[in-house]
Each structure stands twice: as C-alpha cells, then as structure tokens.
Amino acid sequence: MDAPTRTTASIPIHTHPSGNPVGKPDTPYLLNCWYVAAMSRELGAEAMLTRQLLDTSVLMYRKADGTPVAMHDRCPHRFVPLSMGERHGDDVVCKYHALRFDCSGQCTHNPHGTGRIPAAAKVRTFPLLEKYGFVWIWMGDEPADAAKLPDFSELDNGPATGVAHTYMPMKANYELIIDNVMDLSHIDHVHGEIITTRGQLSPLIPPVKEDNNTVNARWEWRQTPAMMIFANFLPDPTAEARGFFDITWSAPANIQLSVGAIQGEGALDLNDTVGQYDLHTCTPASATESHYFFATRRNHIVDDGEYNRMKIEAMHNAFVTEDGPIIEAVQKEMNTNDFFSLNPVLMSNDAAPVRVRRLLARLIAQQSRG
Amino acid sequence: MDAPTRTTASIPIHTHPSGNPVGKPDTPYLLNCWYVAAMSRELGAEAMLTRQLLDTSVLMYRKADGTPVAMHDRCPHRFVPLSMGERHGDDVVCKYHALRFDCSGQCTHNPHGTGRIPAAAKVRTFPLLEKYGFVWIWMGDEPADAAKLPDFSELDNGPATGVAHTYMPMKANYELIIDNVMDLSHIDHVHGEIITTRGQLSPLIPPVKEDNNTVNARWEWRQTPAMMIFANFLPDPTAEARGFFDITWSAPANIQLSVGAIQGEGALDLNDTVGQYDLHTCTPASATESHYFFATRRNHIVDDGEYNRMKIEAMHNAFVTEDGPIIEAVQKEMNTNDFFSLNPVLMSNDAAPVRVRRLLARLIAQQSRG
Amino acid sequence: MDAPTRTTASIPIHTHPSGNPVGKPDTPYLLNCWYVAAMSRELGAEAMLTRQLLDTSVLMYRKADGTPVAMHDRCPHRFVPLSMGERHGDDVVCKYHALRFDCSGQCTHNPHGTGRIPAAAKVRTFPLLEKYGFVWIWMGDEPADAAKLPDFSELDNGPATGVAHTYMPMKANYELIIDNVMDLSHIDHVHGEIITTRGQLSPLIPPVKEDNNTVNARWEWRQTPAMMIFANFLPDPTAEARGFFDITWSAPANIQLSVGAIQGEGALDLNDTVGQYDLHTCTPASATESHYFFATRRNHIVDDGEYNRMKIEAMHNAFVTEDGPIIEAVQKEMNTNDFFSLNPVLMSNDAAPVRVRRLLARLIAQQSRG
Numbered sequence: 001m002d003a004p005t006r007t008t009a010s011i012p013i014h015t016h017p018s019g020n021p022v023g024k025p026d027t028p029y030l031l032n033c034w035y036v037a038a039m040s041r042e043l044g045a046e047a048m049l050t051r052q053l054l055d056t057s058v059l060m061y062r063k064a065d066g067t068p069v070a071m072h073d074r075c076p077h078r079f080v081p082l083s084m085g086e087r088h089g090d091d092v093v094c095k096y097h098a099l100r101f102d103c104s105g106q107c108t109h110n111p112h113g114t115g116r117i118p119a120a121a122k123v124r125t126f127p128l129l130e131k132y133g134f135v136w137i138w139m140g141d142e143p144a145d146a147a148k149l150p151d152f153s154e155l156d157n158g159p160a161t162g163v164a165h166t167y168m169p170m171k172a173n174y175e176l177i178i179d180n181v182m183d184l185s186h187i188d189h190v191h192g193e194i195i196t197t198r199g200q201l202s203p204l205i206p207p208v209k210e211d212n213n214t215v216n217a218r219w220e221w222r223q224t225p226a227m228m229i230f231a232n233f234l235p236d237p238t239a240e241a242r243g244f245f246d247i248t249w250s251a252p253a254n255i256q257l258s259v260g261a262i263q264g265e266g267a268l269d270l271n272d273t274v275g276q277y278d279l280h281t282c283t284p285a286s287a288t289e290s291h292y293f294f295a296t297r298r299n300h301i302v303d304d305g306e307y308n309r310m311k312i313e314a315m316h317n318a319f320v321t322e323d324g325p326i327i328e329a330v331q332k333e334m335n336t337n338d339f340f341s342l343n344p345v346l347m348s349n350d351a352a353p354v355r356v357r358r359l360l361a362r363l364i365a366q367q368s369r370g
Numbered sequence: 001m002d003a004p005t006r007t008t009a010s011i012p013i014h015t016h017p018s019g020n021p022v023g024k025p026d027t028p029y030l031l032n033c034w035y036v037a038a039m040s041r042e043l044g045a046e047a048m049l050t051r052q053l054l055d056t057s058v059l060m061y062r063k064a065d066g067t068p069v070a071m072h073d074r075c076p077h078r079f080v081p082l083s084m085g086e087r088h089g090d091d092v093v094c095k096y097h098a099l100r101f102d103c104s105g106q107c108t109h110n111p112h113g114t115g116r117i118p119a120a121a122k123v124r125t126f127p128l129l130e131k132y133g134f135v136w137i138w139m140g141d142e143p144a145d146a147a148k149l150p151d152f153s154e155l156d157n158g159p160a161t162g163v164a165h166t167y168m169p170m171k172a173n174y175e176l177i178i179d180n181v182m183d184l185s186h187i188d189h190v191h192g193e194i195i196t197t198r199g200q201l202s203p204l205i206p207p208v209k210e211d212n213n214t215v216n217a218r219w220e221w222r223q224t225p226a227m228m229i230f231a232n233f234l235p236d237p238t239a240e241a242r243g244f245f246d247i248t249w250s251a252p253a254n255i256q257l258s259v260g261a262i263q264g265e266g267a268l269d270l271n272d273t274v275g276q277y278d279l280h281t282c283t284p285a286s287a288t289e290s291h292y293f294f295a296t297r298r299n300h301i302v303d304d305g306e307y308n309r310m311k312i313e314a315m316h317n318a319f320v321t322e323d324g325p326i327i328e329a330v331q332k333e334m335n336t337n338d339f340f341s342l343n344p345v346l347m348s349n350d351a352a353p354v355r356v357r358r359l360l361a362r363l364i365a366q367q368s369r370g
Numbered sequence: 001m002d003a004p005t006r007t008t009a010s011i012p013i014h015t016h017p018s019g020n021p022v023g024k025p026d027t028p029y030l031l032n033c034w035y036v037a038a039m040s041r042e043l044g045a046e047a048m049l050t051r052q053l054l055d056t057s058v059l060m061y062r063k064a065d066g067t068p069v070a071m072h073d074r075c076p077h078r079f080v081p082l083s084m085g086e087r088h089g090d091d092v093v094c095k096y097h098a099l100r101f102d103c104s105g106q107c108t109h110n111p112h113g114t115g116r117i118p119a120a121a122k123v124r125t126f127p128l129l130e131k132y133g134f135v136w137i138w139m140g141d142e143p144a145d146a147a148k149l150p151d152f153s154e155l156d157n158g159p160a161t162g163v164a165h166t167y168m169p170m171k172a173n174y175e176l177i178i179d180n181v182m183d184l185s186h187i188d189h190v191h192g193e194i195i196t197t198r199g200q201l202s203p204l205i206p207p208v209k210e211d212n213n214t215v216n217a218r219w220e221w222r223q224t225p226a227m228m229i230f231a232n233f234l235p236d237p238t239a240e241a242r243g244f245f246d247i248t249w250s251a252p253a254n255i256q257l258s259v260g261a262i263q264g265e266g267a268l269d270l271n272d273t274v275g276q277y278d279l280h281t282c283t284p285a286s287a288t289e290s291h292y293f294f295a296t297r298r299n300h301i302v303d304d305g306e307y308n309r310m311k312i313e314a315m316h317n318a319f320v321t322e323d324g325p326i327i328e329a330v331q332k333e334m335n336t337n338d339f340f341s342l343n344p345v346l347m348s349n350d351a352a353p354v355r356v357r358r359l360l361a362r363l364i365a366q367q368s369r370g
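Chains as they are written, first to last, in the UniProt record's numbering: chain A, 1 to 370; chain B, 1 to 370; chain C, 1 to 370.
Heads up, some of the hints might be wrong.
In this list, chains with the same sequence are indistinguishable; a pair is considered to hold if it fits within one copy or across any two.
Derived pair list, reagent style BS3-like, types lysine-lysine, alpha-carbon separation capped at 30 angstroms [said to hold, decoys possible]:
1) Lys63 x Lys148
2) Lys63 x Lys332
3) Lys148 x Lys131
4) Lys332 x Lys148
5) Lys332 x Lys171
6) Lys311 x Lys63
7) Lys131 x Lys332
8) Lys63 x Lys209
9) Lys171 x Lys311
10) Lys171 x Lys148
11) Lys148 x Lys209
Rather than coming from a laboratory, the hints here were simulated on the basis of the structure.
Construct the complete structure from the given sequences, taking the supplied hints into account.
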C-alpha cells in the first residue's frame, strides 16, 4: 500500500481554458505533471495567495463554492501582479486599471474607452486538483491529466486528528530536497534522539526498484529500543523492535514514505506496525529556491489532537533546524553548478537518489524532444 | 499654455569644458537633452550631493556665488568618489590624495612630487541649468543647448506659497513612471477620494496629438461633485462641475500636466478653472531605478503656505503609497525584459503612453546612428 | 633588514597529499605562493574556522599536537561544508552522512553499506606554514615551497608585548589594498594627527627598486615634531626629527613596511630610530572581497603590554574607519572593471603601486602559460 499507484478516480479537475499558454522548450522543469502549489488551508474564503512556482508568479484563491483557482499573477495589460488587486465575487480586479478577470482568466470587464475587451485580454490559468490536503497545480501545456497524480489516499484514511500538513520555504534547488529524503542514511547523523535507528540503518544497502515513473527503496532492521516516536506505543518501550522505511519517489517531486516499528510477530507494513504514512513533496520556485510540503498520517492514537499538534510542530522544527541548514549550505557551496559536474563521490546509499536524478533528467529531456 | 514650447530665452548655462567626455554608443538613454538632477533646495551652501544619473555617479554642489556645479563623482586618479572629500572654496579636494579640482573639472593642485599636474587630470563636468525649482543636467557629448529645455515657466508665475516640489526615488525603470502619468485612466482605481473622477475618466478616449518632440493627450468630463482637491474652491462644492486634464510629454522624461474644475461658463484651462499646473519628470539612475521629481503650482489660495505644505505632503504620500508600489511591482514582475517583448494587451487608454515609448525609442535610435 | 629575502630555513610545511587538486588555468590569482589564511590565534584547540580564500571555501583547525590543518570545506560526497560537522580527534566528521576524513583529506570511515571507502573519497588539503603569528596557505598545484615565503623574522625579534596582529575583512579587491600601502603619499590626507608627516611626504619622489620578485620604495624627510606615535620616545618630543618609510612588496600580496624617527646622528633604519617593523598582507576572498592581515613589532617600550594593546587597537581602527571606507568606495565605483581599463591618471606617487600591479600581472600571466 505504500507505493503510490496511478489513480483513475474521476476526481474533478478545476481547470479552465488557458489564456496565454507559453511554451518553454528550454525549461529545466518537468511540466506536464502535478506539483503542490499550496496547502489546502492556505487558501481561505477571501484572501489571495501569490507564490512563485517554476519561475512563474501564480495567484491562487477560492471561489465562493470553495473550488480553488490559479492563474498567472500578472495582468496581461501592464503586468501588475493581480494579487495587488481585489476580489470581486469569483473574479479578480486589477489594482492598476480595474480590468476584471474571471476564473477562466477571461477579461470580463474593461472600464476604459468603449469597454470593448481585447481578444488577447486573458490571463493564463492553471488546472488545479485539490487532494490529500494539498492544492496541486498543472503548469504544462498538455491537457491536465488527473490520472498523473499518484494515489496518496492513505493520507485521508482516518480522523483529522491523525493527519497533519506543513510547509517550509527552502533556499535550495528542489532536487537537493529529494536527495535528502531518498537517502535516509542521513537520519542517524543529522537528527536527534527521537528518530534515530542507533546506527542500524547505515550499514544496510536498501533494495532499489525502478520502473518508468517511480523509484522505490526499502530498509528493514532491528534496534533497541525502537525509535522514540514509536517506542511508547509498543508493548515494551525499552525492548528491541523491528523497524522499516519504505519510500517511493514519483514524478516530479513526490516521495511517499512509510515508517513503522513492531515487536513480536507481524508484517513490516502500516497494517501491523506502529507507524506513519508521510508525503514529502516539493515544488521549485526557481533554480535555487523551493517550496517544501509535508503531510503525515499516523496509525496510532489517531484521536489525540494535542499530540497531533505537538508532533507536526516537532517534525516541522526538525526540517527547519536540522535538514534545512544542511541542504541550504549545500546549495550555497554548489552555487548553480550542476550536481554531476562537480564529480560527487557516490556510495551505496546514493543508489536511490541518483536513480531519481537520472530518471527525472530523462523525463525532462523527453519533454524537450516531444 | 499647458503644452511646453521650446524656450529661446538667453538663460545662463552653467557649463564648463568637459574633462573626460565618454562616448556611449550603446547607451539605452537619450543623452543630448536635459534631465532633472536635483531639486534646487537640495543643493545648499556647503554640502555636496552625490546621485547616480544615467548609470553615472554625479557630484553636485553650489559655488560661493550660488551657481550649481556637476561633475563625475570619481577622481580620475584612483577613482575615489569626490563626494567623500571636502570643499575648498569653489573647488573640491579628493579625500585620498588631496588632488584639488575646480568647477571646470580641471585639477588645480597636486601636492605630490614636483606638483606638476598631469594633462589628463580632469574630471568630466556636466552643464547645468537651474530653472523652475530644479537643477537640470546635460549628460550628452553635444554642446548643451538651453533651447532644448521645454518651457515650464508657468511654475514660476505666482508666489512661493503656491508652488511646491518633491522627490521620490523609485525602484523602477523611468518609462514605467512615464506610462503611469501618460495614462491617467488609472486614477479612479489607484487613488483615493481626493482626486477621483467618479469613473468619468475611463470611458473617454482622449485625443492624442504627436509632433516630432511631444505627445499630448486631453480629457474633458463632468462629475458630481468635482474632485475634492478643487470642490471646496468652487461656487457649490457639492454640485456638478466640468473637469479637464491636459498632459504633454516632452523628451526625455517630462510630463507637464494641467488639471482643473469649473462650474458654469468658462474655458477648460488654467485661466478659467480652479486648477493646478504640474510637472512630472524623472531621471534614470539605472535600468531599474529612477529619480522621480514633481512640481506643482495652483491658481487658488496661492498665499496659504500651510495649505501648500499640507497639499504637497499629501501628493508626495499618494505617489509613495499608491502609484509607487504598483510601478515597483511591475518592474519586479517584468524584471529586465523589454516591455513590448512581453506582448502587453494594449487598449484605447494606452494610446498616449505607447506613442511616447515609440517616439522616445526613435529618438534614442537616431542618436545611436548620428 | 627591511627588505624580506627568500628564507631557506628548514621550516616544517604542514602538507598532505592533495585529494582533489583542481587546475584553474583561467584563475585571476597567483597560485603557487603563500597567502595568509588566518592569524595563528584564530585557530584554537577545538574550534574549526571556515574562510573563503581565492574563491574556495577552506576549513582550518589544529591537530591535538597543535599543527594547523587546511582542507577544502566541502565533503566530496554531497558537498556539505565540513565546518558544519564535528571534530573527531584530529579528524573531521561530516554532519550529513558522517564520513570521516583525516588531516590528509583521506576518508577513513564510511558508516554506510559495507563500509568500503571509495577511492575518490578524498578532500583536497592545502599545505600550511605557521610563521610570524600567521598561518600561511599554499593553494597552487605545484609542490609547496617553504623557500617562497619571504623572511619576516624581524616580527619575532622581541617579547610578545612588542608585537601585535590584527585582521579586517574588506569589501574590495586585494590589489586596491596593495595600492593603498604602496603609495604612502595618502597618509597626510587620509589619516589623523598621529601619523601625519605634516605634508613632508607628498613632495618626495621615492626611489623605486624592482627585481624579479619584489618592489621597494623609500621615503626620507624631516618634520617638526616627529609623528606622534614616535615623538614621545625621542629626546625632544617637540623638536624636528628625521623620518623614513621603507616598504617592500613581495608576491603575492605582502608589503613589509618599516618606519621610524630619529633626532641627532644615526642611520634611518630600525637599529637607530624609534620605529616599527610592520607587515601588511592580504588574501583574496573573491574578485571583490579580501582578507586584510596586519602585524607590527616596535623597537621601543617593548615590555609594555597595555601600550601594545592600545596601539594595535588604534591602528586597527584607523584601517577600519579611515583607509577602509575609501578603498571600499573605490571598489564600488570601479565595480568589476579592470583598473587600467578605466584610464587612471597616474602620477609620480603611483610609481611603486603601478610597478607592483604590472609585476603581479606578469607573474600571473606566466603561471597561465606555464
């Protein structure tokens, strides 16, 4: 259940005819796929959110019926960010000359001159999917394909007090964030007591499986005691436990991570262990800045809202104070040099992240040829 | 009277033989013309002012007799800004090695070695004209031509308590500032109650007149009540009034704007209306930063110094808090892309600013060929 | 004794096989020579120091036996700065994945997989020499040559209370710092009362001597009274004294400066005068940032530690508040333009610094051809 599969459910895509699709043949990003644009809770009833995604300013808000909208945050007239303007029902009105645009990006009101609306007065909109507590955006020129969103529906299985989401802006290329999660051998060195494997993880050479669209790695080990985040929920918190990590990257930048611990008999999966189902996913802002989103659902004490709040706060703080400074320091040291051009010394623990980098590079190269 | 004409008056040009004229064949700026370098009041008796103009550091100060001086703010010896040094009568002494330069940019004292002054020890100076409360600078290599300064002498007609000047640095290309003033259809949307036309301006398609050197646009309308800045000075502050805007751009970056309101009979000009004569003028600092200067003279309660002070403060604040953030946001969104390369959707209200952009581009192209 | 000569003493070079020597054929820096990397006192028993030298991040620390170590501050695995990690005896452990490196840059422990250490898992190290209160680094690819460190052993002649060192980061190219010291004609204009020559220095045209590796200049004059820093130690503090400066640049960026004053008979050298032996030396961080190091030993009241402390503090403050702002303003005004491309007006007082610039340019050009 940990490896996401292509969903074929008829989920509603909040899409609109695109006003100004701009082909970017030299883009460094995979385009015809879903990126997280925001956490669902970031889009409220009235406010507008602007965020740079794939080098493009994107305006997001919710219609009165709650469905989210995304469009280029740039009036096609004089290039003012529409986010400086105001909502007018489901439309947005530019602050500079009051051109009004509906959710399809179409200009619907021009207070100037005869009021005629120029044929080109359209804002490019972006298809959105709202799932798993996130708003996903499709920034490519091909028709949005809901089936290309991996299935992370495990996040929805259970009460709200068992699930949490968070967001961190990062001054680093998004592939450095993927590297960090795809090679979990860092956790005993970077992180503190609560998620240590006590050195058991590093010696493992995790089996790595790759298909056309995903890369999976899996670790299994024994440690005494179990990770602190699980130990207290096991029969004997101080005794040996078996543990596992199972991670699956899917394009463009999603990593589904399952982790759990068990004492005694049982399978190393989320049915039998005390564990959690996580999603790490990131979206490039630019070549050197990213949006890092994270969601987690645990399978124990799922009704304890206060524990839920404390746990996501602790995980958020670990990203910000432990992973974040290292990843951002690497970005600074690498500057804008290509990773492989710097001749990294690769080891067995790099198998999974390197396969992701190479598969992603192939997918991006294919789109440029296509 | 609103459209400036070429003045032929024998005004004194404070010019000096240029020490180091540097041809800039690839300049993005119109060179052989007058830009505002400073407000007259910025140049005091002793202090030195340094300001980046057209990508060049410029030092300005006043001689003992009050005439202003401008020169490259760079010692030709070791490139120290002369503004770090000290005044020595009408001369300036470099802080680093005490070379002294007179107002013609000529080195007049060298305390080193034999004291011989190298032939090349000259600082490039720039011709200045002080008129209309501003110090105007000529940065081209052709001889300065006072006749090329448009006539804004209406600014001088009346007591000092009826005239005011202000200055705002802007993080935007100067053409975006010109765009803003040349298309006044923005005022009902960007500005507050005091200068609203209550939506009367936007539907108008203003006649635009262009000759070799100027672009003029004019709006006339009725509104109830008149603009707040004029209503209280009309016979019936709450009743309908006729209003007008008349603006004329002249190279490189001057926009003379007249605006007024009237009830009953009379011409829509500054003789008959309650109104004001304004000058918006801006000077590039670099491709993405500008100096925005503004002067205004009103034709009513011209002896009220306290009203004068409050009014220029209000207008300054409107530029800084209302126009400024929009113009700077456009600059950020456009980055250094050429305006037309981004395919703006142009409308009837863009006729005047687009003609200015095209005429200015032609004038700059002509200078490159010349 | 003032002009440094090549030392042939068998001083220990703390060097190690270089892990990853990268040829830089287009470097703007002279490489096969010694630069100061740090003051000796900056490297303590435990702490690690990171500093950008010649566009390269360098990690420095001391081994348990006190010898200093320098290596590229970049783990060859994932490019994390090793300075984020921890000391492990004489080794350093990377924060990210706990690879351990010894002082030769060799990876000695890999906790991952089988523990095999990849052949390429080496960090480039840099030979160091610790002399004269400084740690000197050799960043070129040729074998480090201790004989290439000029002899500044006069700094060591005397008690510690007569010697002091300081350091200032500067936002300027290092050649601008060399220019400043090689042309001492600036001191009457830039500095205050304590080191003025009362205008006696500027008229002198100092003899400049150049050989293949050094440029020397010398000034001698009379002034009344002597420089304040020396006057109180002369027989008659208010009477005329003879003074001298003798400076010798040696590659890449060392200037040994001797200065003294005398009344009555005697030679203008540090044996007979009340004076001091200084070393100005700087190391490029990048094209526009430098590390400025300074050491001074005086030949009078050498046992007064409090005087020593006050004097170095005063000299440090003079660099920071007097020379520094000028040099940094020149950098800003020049931007990244080449000095000679801006057509500086050169005078007799520029003979020494210009010879240094040209000799250094020749040495750098030779290395590119070599």
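Indices of hints not satisfied (ascending) = Failing hints, ascending: 4, 6, 7 and 8.
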